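*Asks:* Please work from the sequences and hints to get the whole structure.
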Amino acid sequence: MESKTMQPTPVQMERENLRRVRFTRPALWVQLVLLACLIAGPLVVPSFRAMDVMTKVMIFAVVAASYDLILGYTGILSLAHVTFFGIGAYSMALVVFHSGQAAWYHIPVAMALAVGISGVLAVALAFFSLRVKAIFFTMMSLALAEFVFILGDQWHDLTMGEDGVSFSLPGIFSVNWSDGTFLGATLNGRLMTYYFILAASVLLFIGLVRFVRSPVGRVLKSVRDNEQRSTALGYKTFHYKVLSNVFGSVVASLAGVLFAMWLGYVNPTSVLGIPVMLNILLMVIIGGMGTLYGSIMGAAFIQVAEAWLPDLQKLTAWLLPHVEVAQRLAERWILYFGILFILVVIFFPKGLVGTARDVIARRKLRLAQRDHQPGL
Amino acid sequence: MASQAPVVQTKDLTIRFGGNVAVNAVNLTVESFTLKAIIGPNGAGKTTLFNLLSGQYKPTSGSIMFKGREVTDLGAADRTRLGVGRSFQLTNIFPSLSVLENVRLALQSKARVGMVFWRNYRSYSELEDRAYELLRQVLMEKRWAVEAKTLTHGEQRKLEIAILLALDPELLLLDEPTAGMSLEEVPAILELIQQIKAARNRTIMLVEHKFDMIMTVSDSIAVLKEGRLICDDSPEAVACNSEVLEAYLGGGVKNG
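Top line first, the protein sequences correspond to chains L and A. Per numbering that gives the first Met the number 0, residue 0 is the first one in the first sequence, and the count goes up by one each step. Per numbering that gives the first Met the number 0, residue 0 is the first one in the second sequence, and the count goes up by one each step.
Calculated directly from the structure, the hints in this document are not laboratory data. In this text the structure is predicted, and so the values were computed from the model without any measurement. Among the clues, some could well be false.
[What the hints assert, rightly or not] In silico lysine-lysine, DSS-like type, Cα no more than 25 Å apart, as pairs:
1) A:K196 <-> A:K209
2) L:K235 <-> A:K57
3) L:K220 <-> A:K148
4) L:K220 <-> A:K109
5) A:K148 <-> L:K363
6) L:K363 <-> L:K220
7) A:K57 <-> A:K109
8) A:K35 <-> A:K196
9) A:K148 <-> A:K35
10) L:K235 <-> L:K220
11) A:K148 <-> L:K349
12) A:K35 <-> A:K10
13) L:K363 <-> L:K349
14) A:K35 <-> A:K66
15) A:K66 <-> L:K235
16) A:K57 <-> A:K35
17) L:K132 <-> L:K220
18) L:K220 <-> A:K209
19) L:K220 <-> L:K349
20) A:K141 <-> L:K363
21) L:K235 <-> A:K109
22) L:K132 <-> A:K35
*Replies:* Now the structure itself:
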């Protein structure tokens, strides 16, 4: 056969080209700059509030990305994602709380508990309801979310009910720990916890990115495109849906552990409530379903808006002390949040990242067509 | 024993949809490395028979043997793994994936690395290279990078055959591979089928309406009418069978 010639095929050439630009891709630089900002942030801006928002953005970016894996990449609408998040948060809080004194090993134990419980629960939920119609899965997940919420609210001996659980972290993560200064910033438990969460979030996010770029991720993509075809290729699509559901749920529970570590306090409303679930859903939609990186934008959008929109009121009172109408308007900050959301959906129908990717792809196509024009 | 067993053997294969018996007590045998055409008027149950063989439908009664092994209760995915490859009457590809990815996914399934979630899918470069090679075989290599939905109808059918070949099946079920194709595109498909048959390592079952095409490529022809197998013989014998002619013309008249 003539196919044994040394001439590389276009596929091989493209692969070689991708390998060559591996370290010079613009996306990589955006990621590194973002990472650098998160590392330098607390040292440059020594404001607790800014650090608080950044931490929540990191944690919720992971939660939203893991939800995107289930919603955007697998095409399943689950309302129990917050449940897995809450299971992680409660694992952390209760392990420390019920042992009395915080110890080092509590963190890995809490993580193992979170992974174990949420893994088993996700498998059970999937096997019980994923085989049937999608709407049935959604309803079952809602029932599970409500059930676990009530459990957190009522099982007083274990969870302290609606009062919630306060706990302290061990060693250098403790709020009492402090050890001099570094680059002008005070080294304290908060800062250490911040960097721990940063490292953990980055690892979890990379795990999610690797998952969608793996053979499994490609099968999930094909299932969304044409499930019957995937089955005819020999893929057991049900197994793939279960796998991605479990993976996403486990990641969410680990993010829950981080969230509890940051707050040092959990209660049912803050980590198990349906409003939190809706926030996660909004983050994915704002960022763009099926993009993963959109989750960072979505989480930032919502966390920043929630943290600073209430300040609108103070700002108005300060700028226009005598204009009552303006102050009344500023009081309704939650309304502006709604308007912002509607604007995003109108102008970025595929989410911020999804729409941006479309625009870039269209431009590339136009450029490629223009380049080919003279040859025709 | 097993090597002598026919590739496909059905026994009293029946499927009922409500009161309608779509396939009725069909006993069909297909020998290794032959090409059997299935013909019959519209609604005779040809596609339903394919759906039963590929596992899309479960039969109401009767059994299916594949290479001497009972597969009646296996689903479509399991039968694909055993070596049953099926093309669909309505083109069935992944429309928003690239042409190369369509074939690569089939190879990935065959290579059994689909459950790997820690490695980048592009690190399996041999799958990509093999996919490109298969596209070359069906004369589609120039279109490897485009989305499959932008292909012409004929190209999509060729892509489908490339996907099928990627699965390396022993049994190819081709459901009207030339349906809806423009006349210029038909010879390429016909040649492709001849090529596959000439390699003598696969068994082909073919549903087709183009009678002259069937007469040239088939080793044997089975005729279905109203779900029943009324004749299964060499092309020459089938062409002279009065019942077949009656069924075919009758069906033709009925369907205008």
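*Asks:* Of the hints given before, which are not true for this structure?
*Replies:* Hints 9, 18, 22 not satisfied by this model.
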